Amino acid sequence: MISTINLSKKYAGKQVLNIETLEIPKGQSFGLVGNNGAGKTTYFSLLLDLIKPTTGHIINNEVKVNESENWKPFTSAFIDESFLIGYLTPEEYFYFIGELRNQNKADVDALVNQFEDFFHGEILGQKKYLRDLSKGNQKKAGIVAALIGNPEVVILDEPFANLDPTTQIRLKAIVKDLAETKGVTVLISSHDLLHVTDVCERIVVLEKGEIVKDLETSEATLKELEAHFAN
Amino acid sequence: MVSQFLKLEWKSLYRSASFGKSIGIKIFMGLFALYFIVMFLGAGLVLYPGLKKEFPDQEPIYILNNVLFYWILIDLVFRFFFQKLPVMVVKPLLILPVKRSKVVNYVLRKSAVSFFNFLPLFAIVPFGITLLVKNYPVASVLSWMLAVVLTTLIINFLNFIIESFSAETEFSFLPVILLTGGLYALNHFNIVSFNTIVGAGFNAVYENPIYVLAPLLVLVGLYIYNAKLLKQKLFLDSGLKTKVKEVKASNLEWTKNFGDIAPFLKLDLKLIWRNKRTKSSVWMLAMGLLYGLVFYPNPQFKNFEGIYVFVGIFSTGIFLINFGQFIPAWDSAYYKLLMSQNLKYEQYLKSKLTLMAISVGVLFLLGIPYVFFGWKILVAHFAAAIYNVGVNTHVILLGGSFNRKKIDLSQKAAFNYQGTGAVQWLIGIPLLLLPMGIFSLAFFTIGFEVACVIIAVLGIIGVVFHKQFMKAITTKYLQSKYKMIDAFDQDN
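Same order as they appear, the protein sequences are chains A and B.
Residue 1 is where the first sequence starts when you use our numbering, and the numbers rise one by one after that.
Residue 232 is where the second sequence starts when you use our numbering, and the numbers rise one by one after that.
The set of hints was computed from the structure by calculation and includes no laboratory data.
Note that the coordinates shown come from a computational prediction; the quantities given were computed from them, not determined experimentally.
Glycine included, C-beta positions come from ideal geometry on N, C-alpha and C.
Fair warning: there could be bad hints in the mix.
Said to hold, decoys possible - Here are the in silico distance ranges between beta carbons for each label pair: (1) A:Thr181 with B:Met515: 51 to 57 angstroms; (2) B:Phe696 with A:Ala106: 51 to 57 angstroms; (3) A:Lys105 with B:Ile692: 38 to 44 angstroms; (4) B:Val308 with A:Ala106: 37 to 43 angstroms.
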């Protein structure tokens with residue numbers, strides 16, 4: 001589904017990402033871990049064509065990301081708060097994203113209502129603007145908005161941060177369901193090793209922009225990751 | 232302790248990201264301040280000789296005292312809109328071992344060192360010196376000057392009290408307008424003659440310096456009251472809390488008629504109504520619409536038709552200029568979202584263009600009463616409106632592709648230069664001066680009617696080639712995509 005070839009990004013001569021090759025098959029739940037500055041967000045930004053690669057490219061479902069915009073209809077993401085429109089209510093925001101993804105109000109309502117549990121009664125019908133919601137609730141709205149319009153690739157940067165324990169557990173269920181039953185390719189980055197090993201079939205460790213580990217998740221993965229980061 | 236505060240203040244000034252970046256704006260603001268200083272200085276210098284000449288049998292100082300009431304009113308209104316008590320910056324200090332009263336005193340005293348409080352000095356000092364040179368009693372003149380300075384500070388602290396009470400209301404500027412307007416009206420219709428009362432007060436101070444204690448007492452009282460108010464507010468759940476307003480949503484179904492640009496049109500309308508910065512620039516519309524009144528009633532401009540098209544472009548295009556100059560920076564906070572969403576750039580831009588074109592039409596209709604000053608004005612405005620729709624909409628969109636500064640929507644608009652760069656100044660040339668130049672040229676060589684037709688035809692050409700222009704503009708935006716994303720990500 002997503003192939004990364006010779007991808008590198010330099011800022012003022014300083015290399016922040018250098019991936020020779022990375023293949024992510026369709027329907028895989030893919031986890032990206034690494035300390036601050038390892039290049040996780042840079043990689044996601046390159047995937048969304050928000051920054052220009054210094055060398056190489058990413059091919060998303062046969063579309064070269066930095067040359068064509070045809071990856072947009074089937075790819076969606078929630079990276080940070082700058083993906084929210086602060087002066088809209090959550091409902092308006094969902095409808096806006098829905099309209100961009102050719103979903104009518106009923107479609108959006110049907111999808112959003114599946115996440116009533118996840119929202120915990122704090123998102124819908126609150127008569128509040130997104131900018132006035134707490135960080136955790138903003139995140140919930142952003143994550144659900146990324147699922148509107150049946151995307152085939154969903155990219156979530158640090159989805160577990162700022163969420164309360166109940167919501168973290170619910171989110172794990174949502175992500176698993178996406179990859180296992182709906183065949184959606186889910187890319188997640190996280191600082192929480194436990195969550196990421198719980199959710200992802202495959203985990204890649206980045207360090208200073210390079211891939212240092214590429215693991216098939218198993219019983220031993222968490223231990224191995226903890227050992228790696230303890231050093 | 233105070234020196235620590237001052238250090239913090241200094242660092243926040245020169246470490247702020249915008250320091251040095253926007254030198255042009257700093258210079259502009261500097262010139263603006265200089266202008267006021269010169270005006271006040273000039274007033275202070277000519278006041279005595281001028282009043283003496285106009286009213287030879289009255290004492291200039293008594294005449295001046297009689298009008299001080301108006302100065303107080305004007306100063307109050309000005310301060311309300313332009314001077315704010317910087318409360319938010321103290322938030323990190325709350326948990327440090329600093330007494331609350333110390334923080335309060337610091338914030339209040341700092342406010343006394345404001346440009347607004349120094350400005351009157353530029354007029355009072357030369358006036359006072361003139362009086363001294365003319366051998367007026369020294370003690371009287373000095374106490375009078377002191378009284379004026381104290382009054383300035385009284386206005387300073389009175390303003391913060393008014394602000395703290397009006398901050399909660401929806402139309403926060405209503406109380407101050409009602410208060411000053413009410414006082415003015417009472418005075419104007421001779422119900423209570425405030426200007427004589429205020430005048431008598433200052434006369435009393437002049438005649439008997441001991442009375443200067445009165446304004447001093449008022450000042451102390453206001454200061455203590457301010458400190459009390461502020462102390463209550465220094466909690467996260469009161470004054471430092473950011474207010475959450477309940478949403479009054481409207482679904483804007485009618486935008487559906489605009490087809491595929493409807494989602495963006497809806498977004499833009501919400502953008503304008505729901506954010507401080509955009510909302511307060513809506514008031515600029517009224518100003519732009521009434522701009523013609525500066526020229527048209529003036530007989531000097533009766534036979535100066537060259538100005539008609541300028542006023543026309545400005546008054547029908549005030550929204551276009553105000554809103555258009557910051558495209559796409561209005562959306563800077565969520566630009567990454569737009570860029571990774573499934574959207575056509577052209578639709579996004581077209582929505583902005585449609586909004587601007589509609590505004591031109593509406594403003595033209597609202598400006599029809601100008602026909603009262605002559606039919607030629609209406610014709611020129613009509614031509615200007617067509618030019619705005621056909622040419623200026625495209626020009627300003629193109630200018631937007633050079634925008635590299637983000638905008639914080641939650642800030643007020645007046646005197647807010649955030650997001651302003653060279654583009655905003657340069658765009659004025661093709662936007663206003665070019666049509667004015669073309670018009671004047673045709674007007675002086677051929678005639679008024681032909682000049683109007685030329686302007687209108689240029690506008691129609693713009694409409695005809697709309698598709699081609701949009702294509703070119705869209706390409707331009709796409710080329711600047713990465714640069715814009717990067718720039719909007721930074722706080723400037």
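Hint by hint, here is what the structure shows:
In this structure the supplied range 51 to 57 angstroms holds for threonine 181 of chain A paired with methionine 515 of chain B, their Cβ-Cβ distance being about 54 angstroms. Range check, phenylalanine 696 of chain B to alanine 106 of chain A: Cβ separation about 40 angstroms, and the 51 to 57 angstroms hint is violated. A C-beta distance of roughly 41 angstroms is found between lysine 105 of chain A and isoleucine 692 of chain B, which places it inside the suggested range of 38 to 44 angstroms. Checked against the hint of 37 to 43 angstroms, the C-beta distance between valine 308 of chain B and alanine 106 of chain A comes to roughly 52 angstroms, which is inconsistent with it.
The structure fails to meet hints 2 and 4 from the earlier list, while all remaining hints are met.
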